[in-house]
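Peer 1: Which chain is which? The protein sequence lines are X and U, in order. For reference, each letter of the first sequence is one residue, going 966 to 1385 in the numbering used here. For reference, each letter of the second sequence is one residue, going 966 to 1385 in the numbering used here.
No wet-lab data here; the hints were simulated from the structure.
Which copy is meant is left open, so a pair is good if it fits within one copy or across any two.
Calculated lysine-lysine pairs in the BS3-like style (CA-CA distance at most 27 Å, straight line):
1) K1130 x K1075
2) K1186 x K1130
3) K1075 x K1174
4) K1130 x K992
5) K1174 x K1354
6) K1052 x K1028
7) K1052 x K1075
8) K992 x K1028
9) K1290 x K1269
10) K997 x K1052
11) K1075 x K1028
Quick caveat: nothing in here was measured; it's all calculated off a predicted structure.
Number of protein chains: 2
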Amino acid sequence: MTLYVQKFGGTSVGTPERIENVADIVKATREKGIDVVVVVSAMSGETNRLIDLAGQIQARPNKRELDVLLSTGEQVTIALLAMALEKRGCPARSYTGWQVPMRTDSAFGKARIEDIDDTRMRADLRAGRVVVVAGFQGVDENGNITTLGRGGSDTSAVALGAALKVDECQIYTDVDGVYTTDPRVVPRARRLERITFEEMLEMASLGSKILQIRAVEFAGKYNVPLRVKSTFDVDNPGTLISYEEQEMEHALISGIAFNRDEAQLTVAGVPDQPGIAYRILGAVADANIEVDMIVQNVAVESGKADFTFTVHRNDYESTLELVRKVGEELGARSVEGNDRIVKLSLVGVGMRSHAGIASRMFEALSGEGINILMISTSEIKISVVIEEKYLELGVRALHTEFGLDAPDESAAAMAESSAD
Amino acid sequence: MTLYVQKFGGTSVGTPERIENVADIVKATREKGIDVVVVVSAMSGETNRLIDLAGQIQARPNKRELDVLLSTGEQVTIALLAMALEKRGCPARSYTGWQVPMRTDSAFGKARIEDIDDTRMRADLRAGRVVVVAGFQGVDENGNITTLGRGGSDTSAVALGAALKVDECQIYTDVDGVYTTDPRVVPRARRLERITFEEMLEMASLGSKILQIRAVEFAGKYNVPLRVKSTFDVDNPGTLISYEEQEMEHALISGIAFNRDEAQLTVAGVPDQPGIAYRILGAVADANIEVDMIVQNVAVESGKADFTFTVHRNDYESTLELVRKVGEELGARSVEGNDRIVKLSLVGVGMRSHAGIASRMFEALSGEGINILMISTSEIKISVVIEEKYLELGVRALHTEFGLDAPDESAAAMAESSAD
Chain X
966 MTLYVQKFGG
976 TSVGTPERIE
986 NVADIVKATR
996 EKGIDVVVVV
1006 SAMSGETNRL
1016 IDLAGQIQAR
1026 PNKRELDVLL
1036 STGEQVTIAL
1046 LAMALEKRGC
1056 PARSYTGWQV
1066 PMRTDSAFGK
1076 ARIEDIDDTR
1086 MRADLRAGRV
1096 VVVAGFQGVD
1106 ENGNITTLGR
1116 GGSDTSAVAL
1126 GAALKVDECQ
1136 IYTDVDGVYT
1146 TDPRVVPRAR
1156 RLERITFEEM
1166 LEMASLGSKI
1176 LQIRAVEFAG
1186 KYNVPLRVKS
1196 TFDVDNPGTL
1206 ISYEEQEMEH
1216 ALISGIAFNR
1226 DEAQLTVAGV
1236 PDQPGIAYRI
1246 LGAVADANIE
1256 VDMIVQNVAV
1266 ESGKADFTFT
1276 VHRNDYESTL
1286 ELVRKVGEEL
1296 GARSVEGNDR
1306 IVKLSLVGVG
1316 MRSHAGIASR
1326 MFEALSGEGI
1336 NILMISTSEI
1346 KISVVIEEKY
1356 LELGVRALHT
1366 EFGLDAPDES
1376 AAAMAESSAD
Chain U
966 MTLYVQKFGG
976 TSVGTPERIE
986 NVADIVKATR
996 EKGIDVVVVV
1006 SAMSGETNRL
1016 IDLAGQIQAR
1026 PNKRELDVLL
1036 STGEQVTIAL
1046 LAMALEKRGC
1056 PARSYTGWQV
1066 PMRTDSAFGK
1076 ARIEDIDDTR
1086 MRADLRAGRV
1096 VVVAGFQGVD
1106 ENGNITTLGR
1116 GGSDTSAVAL
1126 GAALKVDECQ
1136 IYTDVDGVYT
1146 TDPRVVPRAR
1156 RLERITFEEM
1166 LEMASLGSKI
1176 LQIRAVEFAG
1186 KYNVPLRVKS
1196 TFDVDNPGTL
1206 ISYEEQEMEH
1216 ALISGIAFNR
1226 DEAQLTVAGV
1236 PDQPGIAYRI
1246 LGAVADANIE
1256 VDMIVQNVAV
1266 ESGKADFTFT
1276 VHRNDYESTL
1286 ELVRKVGEEL
1296 GARSVEGNDR
1306 IVKLSLVGVG
1316 MRSHAGIASR
1326 MFEALSGEGI
1336 NILMISTSEI
1346 KISVVIEEKY
1356 LELGVRALHT
1366 EFGLDAPDES
1376 AAAMAESSAD
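Just chain X, with the same shape it has in the complex (with noise of 0.2 Å):
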């Protein structure tokens, strides 16, 4: 028999309202034949109320306690859920991380998901009773509750789709699907059938804000095939995460994700040595400051290294007075700095066996006028930085130099509405 487990968010169970229309989904599933483990999220705000109560006690809550008071919120949720498909005469029973139970470390606040008993769940799918459970929640070796940190949702109903080997894990969201980028950007970007796993995770700018990245990394090493559904507009297919097949016919380019959130330095003229990288990065590392792009090149006649690399742009600042001091050490020539860029980054397994994508890129940007900034590549993408005013024009011209676009205004204009 077909098994799906069918995850829905904070938005999607977020009224008493929509939990009834969250059961009118899974019941429409039932009805396919399809057995289904439901996990769902707090009501949203539910968990910002108990964060702000917790707050009025303590600043620093305590994390054991923080967990026994976080984990009520997506309690809540699988009761009155499994009242609404009761209602709807579709069995259900409900479980907490514990009842299942799901195993964790014990990192409150973070947990890390060890192992999932599924003697429980077996039983009830056999009696032929939907399976509702609560996401986010496990429980340590000592029984006490855990949680497994922000967006933990995804993470358990994909490790639930592991451990019951399902069909398919259905993430149900507020948008319909992963698009080729973002429709606010361009109007005509279409949502896309099919994506790899390693395609989503490069896609993590846009991706981010529909699955939580460690979610897609554990879909992946379990091979569980996840699909981003709209909770809103059931009967669109959305998008399929998945292995790459023999068969499937691959775009060259899936998609085009952008953060804006950047901001690049550059220390110019440094010796070329070993070593010189680490001094750098080094002291930006000590100060707890993520660095994303690093590029370096050497001027062969001078002998002279020029070093740049990116961080989030909220540490620009404090990034650039910790560089001018390690460049005066290193006698650089000059340390210079731009938080006006964004990252631009083409994305597609595709590029594997086509040589020449990059070149197409660079030619398609420059047909814009637009000046590339910094450039670095893996096996299946091609990030640029560009100025910040360029983003749209940039994105607009690769998404249709590689043939993205929807085939007609109607259809894109729908996808951007679906989006918002």
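Assemble chain U onto chain X, guided by the hints.
Peer 2: Same frame as chain X, now just chain U:
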């Protein structure tokens, strides 16, 4: 080492600020060298909020799922209280019903406690921690969450007190103890220092506002001394409810209870034959109407009996209709009723060994021109039914007659304000 259970109801933990106040009380107890297991209810209003949510989904919510839902209320409180204790440098650990575990049967919504495992709690107490337990909830043998029903937190506290053989089970509430009678009726009502379990049960109509009857029975059965105290006036010793002790000095009468919700029915002139009482009361019981007092007397001359009983005032009309029919079948002379009556009870273990209490009572009432409509006695209680309009007059007369009045007006005024 001395060990207390301290139980705090919904009003006592109604806001983060009040939870801080509870933490202060617990900490102060710890500082006296007393070990503490705290039992808490849901924050006031929370249980109703959850019931309302369930009601929006399902008119008669699935009982298993309702328990999953409602048990989150106390879970929120235990986490917040443990945080507040930790903040005060008072190590604490919270436990839900299943974490204790507190084993119950599977009667969702009205489960009975079967067994309490004290292993974890003992280990925490040995380690110098305060144990904070969620009241009102447990877990059945299949790992399902159960709740004990309204007021179940009192029962949880007493059951923990019995399992841990505590020196005292303190019930903190918004009144400062048990009174000789309702201070709103008798301004000179006094707080009782001590009262026996039996008296407390007989005082039900007053006491039930303070303590669940079921919890008092339980405490009596397992001999757990109960102390009712005010959360908002901790220096007040409250009232100790325990077994009568040899050396205990006993007032003749402990208090005067009354009940405004009664209605009286009389079937007059029925044949004095076996089965008559059953014919009348059987019909009432079949209609699921609860009967309180029952009195029957026989007029020797005529061989006819008069049969009188009381029911809740809400059931008066339907009972009257029923009994009129039965009366006709039995050939009764008349069927009469009165729903403007009240029951008034004198309670005290002291009356066991003292004759003449009843006659003093009747005399005091007749001295005020109050006619007695019905009399019923038990070993430690004498109840009379009188017309409703005489309630206050009657209670005050008896309160004075049996020496229950507070010595002066100022003390009484204080008592009144704190009991409101």
